[in-house]
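Here's the letter readout for the chains.
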Amino acid sequence: GAVVSQHPSWVICKSGTSVKIECRSLDFQATTMFWYRQFPKQSLMLMATSNEGSKATYEQGVEKDKFLINHASLTLSTLTVTSAHPEDSSFYICSAYREPSYNEQFFGPGTRLTVL
Amino acid sequence: DAKTTQPPSMDCAEGRAANLPCNHSTISGNEYVYWYRQIHSQGPQYIIHGLKNNETNEMASLIITEDRKSSTLILPHATLRDTAVYYCIVITGANNLFFGTGTRLTVIP
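Respectively, the protein sequence lines represent chains A and B.
Using the working numbering, you'd call the opening residue of the first sequence number 1 and step up by one each time.
Using the working numbering, you'd call the opening residue of the second sequence number 1001 and step up by one each time.
If we strip away everything but chain A, and leave its shape as in the complex, we get (with noise of 0.2 Å):
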């Protein structure tokens, strides 16, 4: 099946600073990426549609200046989890479709991160 590949799979910064987190379709060229959010022993929760070549489309209540997303290949998708804090601590999963099927998301392994 199709990869996606996440990086970095764990990190731990210091609060106020910023983390980025790379998504990237190894194999197939994905025109847009989801970016998810998940807390411990919680459900995964949309966090934003990443379309290459413009901007992303946030959910409701997921701040646009605090979760930079940029899309800027057809292969990646770039998170950045800008002043962190510790309530951002969670585990961050995108996926894409790998189009033009559209019958399943491929996951990536997810970046857990935790700060301090």
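One or more of the hints may lead you astray.
[Unchecked claim] Taking lysine-lysine and the DSBU-like style, the derived pairs with C-alpha atoms no more than 35 Å apart in a straight line are:
1) A:Lys66 to A:Lys14
2) A:Lys66 to B:Lys1069
3) A:Lys55 to B:Lys1003
4) B:Lys1003 to A:Lys66
5) A:Lys64 to A:Lys20
6) B:Lys1003 to A:Lys64
7) A:Lys66 to A:Lys55
8) B:Lys1003 to A:Lys20
9) B:Lys1052 to A:Lys41
10) A:Lys41 to B:Lys1069
The set of hints was computed from the structure by calculation and includes no laboratory data.
Bear in mind that the values here come from a model prediction, so they are computed numbers and not experimental data.
Please arrange chain B on chain A, whose structure you already have, making use of the hints.
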């Protein structure tokens, strides 16, 4: 997208069939039923999807009732590696996935 209801947890003996139910009584005619699962600390994995006919692949079978108000995911021979949270999601085609709370399946040796 229609709301889904799943039991919070289930146990299944290793080697037996695991039958995971999902209610989606408000499903509309153009909405598909999708199943994903998430093994602990990993990204979700697609399992199967269907519209109104029963479907089978190498991982599982999906049985959708005639009125499409409920469905059952069947893992024919559960293994310990099938222990995960299983999500039933109803969406129209290529749409955003909104995950509910899912069913935590524990396969017991």
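Tell me if the straight-line CA distance from Lys1003 (chain B) to Lys64 (chain A) falls inside 35 Å. holds, 27 Å
Within 35 Å, alpha carbon to alpha carbon, are Lys64 (chain A) and Lys20 (chain A)? Holds. Lys64 (chain A) to Lys20 (chain A) sits at ~14 Å (cutoff 35 Å).
Given the proposed pairing of Lys1003 (chain B) with Lys20 (chain A), does the C-alpha separation stay at or below 35 Å? Since the Cα atoms of Lys1003 (chain B) and Lys20 (chain A) sit roughly 33 Å apart, the hinted pair holds (cutoff 35 Å).
Given the proposed pairing of Lys66 (chain A) with Lys14 (chain A), does the C-alpha separation stay at or below 35 Å? With Cα atoms ~16 Å apart, Lys66 (chain A) and Lys14 (chain A) stay inside 35 Å; holds.
Between the alpha carbons of Lys41 (chain A) and Lys1069 (chain B), is the straight-line distance 35 Å or under? Between Lys41 (chain A) and Lys1069 (chain B) the Cα gap is close to 28 Å, so the pair holds against 35 Å.
Take the C-alpha atoms of Lys66 (chain A) and Lys1069 (chain B), compute the straight-line distance between them, and say whether it is at most 35 Å. violated, 40 Å
Given the hinted pair Lys66 (chain A) and Lys55 (chain A), is their Cα-Cα distance within 35 Å? holds, 14 Å
Starting from Lys1052 (chain B), check that the Cα of Lys41 (chain A) is at most 35 Å away, please. Holds. Lys1052 (chain B) to Lys41 (chain A) sits at ~32 Å (cutoff 35 Å).
Against the 35 Å threshold, does the CA-CA distance of Lys1003 (chain B) and Lys66 (chain A) hold or violate the hint? With Cα atoms ~30 Å apart, Lys1003 (chain B) and Lys66 (chain A) stay inside 35 Å; holds.
Does Lys1003 (chain B) sit within 35 Å of Lys55 (chain A), going by the straight-line distance between their CA atoms? Given pair Lys55 (chain A), Lys1003 (chain B) holds - Cα atoms ~29 Å apart, limit 35 Å.
Hint check: a violation occurs at hint 2 only; the rest are consistent with the structure.
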